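Taken in order, these protein sequences are the chains called A and B.
Residues 9 to 516 (this note's numbering) make up the first sequence, in order.
Residues 77 to 444 (this note's numbering) make up the second sequence, in order.
Please note: incorrect hints may appear among the correct ones.
[What the hints assert, rightly or not] Okay, derived cross-link-like pairs now, DSSO-like style, lysine-lysine, Cα gap no bigger than 27 Å in a straight line:
| id | chain 1 | residue 1 | chain 2 | residue 2 |
| --- | --- | --- | --- | --- |
| 1 | A | K198 | A | K209 |
| 2 | A | K429 | B | K79 |
| 3 | B | K416 | A | K383 |
| 4 | B | K79 | A | K334 |
| 5 | A | K127 | A | K138 |
| 6 | B | K211 | A | K275 |
| 7 | A | K385 | A | K334 |
| 8 | A | K81 | B | K211 |
| 9 | A | K138 | A | K209 |
| 10 | A | K429 | A | K334 |
| 11 | A | K214 | A | K11 |
| 12 | B | K293 | A | K429 |
| 13 | A | K81 | A | K11 |
| 14 | A | K81 | A | K138 |
| 15 | A | K81 | B | K293 |
| 16 | A | K385 | B | K86 |
| 17 | A | K81 | B | K86 |
| 18 | A | K385 | A | K214 |
Hints in this document: simulated from the structure, not taken from any laboratory.
In this text the structure is predicted, and so the values were computed from the model without any measurement.
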Amino acid sequence: MHKITSLRMEHITKRFPGTLACDDITLSVGEGEILALVGENGAGKTTLMNILMGLYQSDEGRILINGEEVRFKSPNDAFSAGLGMVHQQYMLVSNMTVTENIALGYKAAWSALKLDLAKVRARIVEISDKYGLAVDPDAYIWQLSVGEQQRVELVKTLCLGARFLILDEPTSALTPQETDELIVLLKRMKRELSIIFISHKLQEVKNLCDNLLILRHGAVVYEGKTADHSMADIAALMTGHEVELPVNEEEACSGAVVLDIRDLDVKSDRGFLALDGFNLAVRCGEIVGLAGVSGNGQRELAEAINGLRRVERGQILFYGEDLANKSPHHIIDSGMGYIPEERNTEGIVPSFSLKENLILKDTEREEFSNHHFLKNKAIEENATELRVKFDIRSPNTSVAAGSLSGGNIQKVILAREISRKPKFLLAVYPIRGLDLGAAEFIHKQLLEKRREGVGILLISEELDEILDLSDRVAVIFKGKIQQILDRKDANRRKLGILMAGVGDDQAL
Amino acid sequence: MTKHFKLIYKITIIALAIAAAMGAGSIILLSIGADVAKTYLVILLEPLKSTLQISEVLLRAIPLSIIALGISVAYRSGIINIGAEGQMMMGILGTTMVALSLPTLPKVILIPLAILTGALFGGAWGFIAGILRAKLQVSELLSTVMLNYIAAQFYTFMLRGPFLDPAEKTLGGAGTPQSMRLTRNLWLTRFIPRTRLHTGLFIALALAAFIYFLLWKTDFGYKMRASGASGRAARYGGISVAWYLVVSMVISGAFAGIAGAIEVAGVHRRALEGITAGYGFSGIVVALFGGLSPIGIIPASFFFGLLIVGSDMTQRLVGVPANMINVLQGIIILVIVATKMILADPYLAERVWRWYQRRCTVRAEVEA
Chain A
9 MHKITSLRME HITKRFPGTL ACDDITLSVG EGEILALVGE NGAGKTTLMN
59 ILMGLYQSDE GRILINGEEV RFKSPNDAFS AGLGMVHQQY MLVSNMTVTE
109 NIALGYKAAW SALKLDLAKV RARIVEISDK YGLAVDPDAY IWQLSVGEQQ
159 RVELVKTLCL GARFLILDEP TSALTPQETD ELIVLLKRMK RELSIIFISH
209 KLQEVKNLCD NLLILRHGAV VYEGKTADHS MADIAALMTG HEVELPVNEE
259 EACSGAVVLD IRDLDVKSDR GFLALDGFNL AVRCGEIVGL AGVSGNGQRE
309 LAEAINGLRR VERGQILFYG EDLANKSPHH IIDSGMGYIP EERNTEGIVP
359 SFSLKENLIL KDTEREEFSN HHFLKNKAIE ENATELRVKF DIRSPNTSVA
409 AGSLSGGNIQ KVILAREISR KPKFLLAVYP IRGLDLGAAE FIHKQLLEKR
459 REGVGILLIS EELDEILDLS DRVAVIFKGK IQQILDRKDA NRRKLGILMA
509 GVGDDQAL
Chain B
77 MTKHFKLIYK ITIIALAIAA AMGAGSIILL SIGADVAKTY LVILLEPLKS
127 TLQISEVLLR AIPLSIIALG ISVAYRSGII NIGAEGQMMM GILGTTMVAL
177 SLPTLPKVIL IPLAILTGAL FGGAWGFIAG ILRAKLQVSE LLSTVMLNYI
227 AAQFYTFMLR GPFLDPAEKT LGGAGTPQSM RLTRNLWLTR FIPRTRLHTG
277 LFIALALAAF IYFLLWKTDF GYKMRASGAS GRAARYGGIS VAWYLVVSMV
327 ISGAFAGIAG AIEVAGVHRR ALEGITAGYG FSGIVVALFG GLSPIGIIPA
377 SFFFGLLIVG SDMTQRLVGV PANMINVLQG IIILVIVATK MILADPYLAE
427 RVWRWYQRRC TVRAEVEA
């Protein structure tokens, strides 16, 4: 297995009907180099990487590895050339264990009649020890949080013998500590292999990457040393305009408590207590950020509040009424808005049109149906209006919602939840995987709702997001609130320590 | 890929699918020594040559379309009903019961009452599978098949026992298991002279319109479709997915029951064995073939009616057994499923597109 000392993509052009996805893009990565590939969603990064990985073929241009031209007809060709990609959307079989998933691609463990799972496990242990990526080889994928699944993806790619890594948003699900560790790890790994690092997080790009390639609308707008530009410059080059993520700078609200969670016990899919005596209160007109590594009970909390998961014990007082174990329908009617974690499968019905998705919770409301007959005109008008107001980029209101990009799907969900005039909003990882433009838009909307007096519980792993928006920050660890801090007392370091489960007294 | 190419690609795949189905059918026909071309011609064209034959095709299309409509509702709501055969039998029993016990009711009351009772019985049979799935996560594939067996035995029991024609009874139990001829007041009008085509045709069309409105124009339909398309998103949206599973299964069963009621009132005019004639299973194929929408199910049921009548004729005209039609149906199901998967694979389309482009460049080079 020889190293990949240089990889070049030259003059790559790829057309899709009606769009030019990649327009004469050239990039090169040398030995031990980390190249950052940045750009908004739809800028052509994914298409470019799919071409590199053999999923698509370019219309024009060529790929050179170690100076020799290669042609990838399928992803297998790319794998055997030593390229490995960790996708944003995980390619894992959810009803199999971690070991089984990795065994799927780990041909060394396969023989004619037997699959040597012990060998796979040994490999997993070896890789996870070597790189400090903790995974439970026996856990089923469906039991894992998004963050844990991503770790499995990383381990999988490394187990399969990648000698050149393409990481698509690898840190979006990691805690700051994990991110720092990953960056240290990647820096160490670049002695062995080269990396293309796709990210929206410019801080990481600045920290980690030597070179930078910025794409906009399918074309290269900048190529050069990362050190030559400030983060603001890079953001401006990416989006074509100055970007400023909004910050919550107003006085904290002292309104009435609207959501009061008391001694909540909720079980996870695996049957243990994911929330164990959980307490949290949110006032109206206040954003409470719930920081924590994913898999510490956030999903269970969000589902319990919305009636999608059984509450074993405790109360969820919402404007005085206990919502524990009420039906989702009842909870929606009492004014709860919910931006779910899984926007593609839970937040929308993918095969339904955009306009149908915008009335998912309101088919019974008089506004959209008359004696159970849907009012098509009203539904269309509603969609037309929201599409403009929330800047949802789609050809029309009849396209399948599942065909939209992640940012636009999130805008559809946000449009629906906000236009319903909720009394409270629960937003779970609202900007995960979204580009700066979409993130900016969504944060502005959340702050606007806060100003209108809506209480917001923001569940996130991204400390910047939490620190930018929250009035108070609560840290969740193993199903309990670790500590609640006022915004002025919270900082990245402190939150990071708390998120790792280290108590105040031990650390400081 | 150009739009033009996509269209041609789609048409080509469908044409290949039809060719594959006919090709596979040909092999089987050849193996029994039949004249392939003549057999296909007889199946597809012979039934269209006279009013009588066309009316027979429509006669078969009536129960097929009604059952397929019901199955499409269930399918779209995320539950697969393969119990239409049993639900249809229950519907027949309900209708027969009403007609036997209230023979003096006037036509305008008896027909609706009998059909509704059929719907009720079929719906109840569907409800059992629905509630088992919703409350206990019992697979509907299992429960509907088992309920088919129970219904079939119960049906035979009723025809040999309580419903047995008194005229047959005098034969000392050796007679045909069937009910007596039902009251004239139950009979559906045959509106084309010298054919059996009855007014059930209009009921079927009305039911198709009903399903179209139900699924696409009402909030019930919206919620059913949402539950079927993405149960998780539907639950998130406050839709009681379990409840709509049960409702859709009841509708599905009721439609099979109506099909049974109409078959009794329109064609046989008594309950006898073999009325269901596999309609409950063919209905699944019709529903899938019709793309799970009323607009597709109407022509699809006509097509399958044609196959049934045509296969009867092949027996007479070219000596191919009518059972061949079951073989063809099986092949068609396989081909539909395969075609759907092929059309849903963007990478295959991409590969074909690349191949096509290479061909074009090669040809351009040759010409140059």
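Each hint tested on the structure:
With a CA separation close to 20 Å, the supplied pair K198/A and K209/A stays within the 27 Å bound. Under the criterion of a C-alpha separation no larger than 27 Å, the hint pairing K429/A with K79/B is inconsistent with the structure, at around 41 Å. Among the hinted pairs, K416/B with K383/A is inconsistent with the structure: their alpha-carbon atoms are about 32 Å apart, more than 27 Å. Among the hinted pairs, K79/B with K334/A is inconsistent with the structure: their alpha-carbon atoms are about 49 Å apart, more than 27 Å.
Note on K127/A and K138/A: the hinted pairing holds, with a Cα-Cα distance of about 16 Å set against a maximum of 27 Å. Between the alpha carbons of K211/B and K275/A the distance comes to roughly 20 Å, so the proposed pair stays at or under 27 Å and holds. Restraint check for K385/A and K334/A: not satisfied, since their Cα atoms lie roughly 33 Å apart, outside the 27 Å limit. About 48 Å separates the Cα atoms of K81/A and K211/B, which puts this hinted pair outside 27 Å; it is violated.
Only pairs whose Cα atoms come within 27 Å are accepted, and K138/A paired with K209/A is accepted, the gap being roughly 26 Å. For the proposed pair K429/A and K334/A, the alpha carbon gap of about 21 Å is at most 27 Å, so the pair holds. With a CA separation close to 26 Å, the supplied pair K214/A and K11/A stays within the 27 Å bound. The straight-line distance between the Cα atoms of K293/B and K429/A is roughly 26 Å, inside the 27 Å bound, and the hint therefore holds.
Between K81/A and K11/A the alpha-carbon distance is near 22 Å, which keeps this suggested pair within the 27 Å criterion. As the CA atoms of K81/A and K138/A are separated by approximately 33 Å, the hinted pair breaks the 27 Å bound. Restraint check for K81/A and K293/B: the C-alpha separation of about 46 Å exceeds 27 Å, so the hint is violated. As the CA atoms of K385/A and K86/B are separated by approximately 33 Å, the hinted pair breaks the 27 Å bound.
About 23 Å separates the Cα atoms of K81/A and K86/B, which keeps this hinted pair within 27 Å; it holds. Straight-line distance between C-alpha atoms of K385/A and K214/A comes to about 50 Å, which puts the hinted pair past the 27 Å bound.
In this structure, the hints that do not hold are numbers 2, 3, 4, 7, 8, 14, 15, 16, 18, in rising order.
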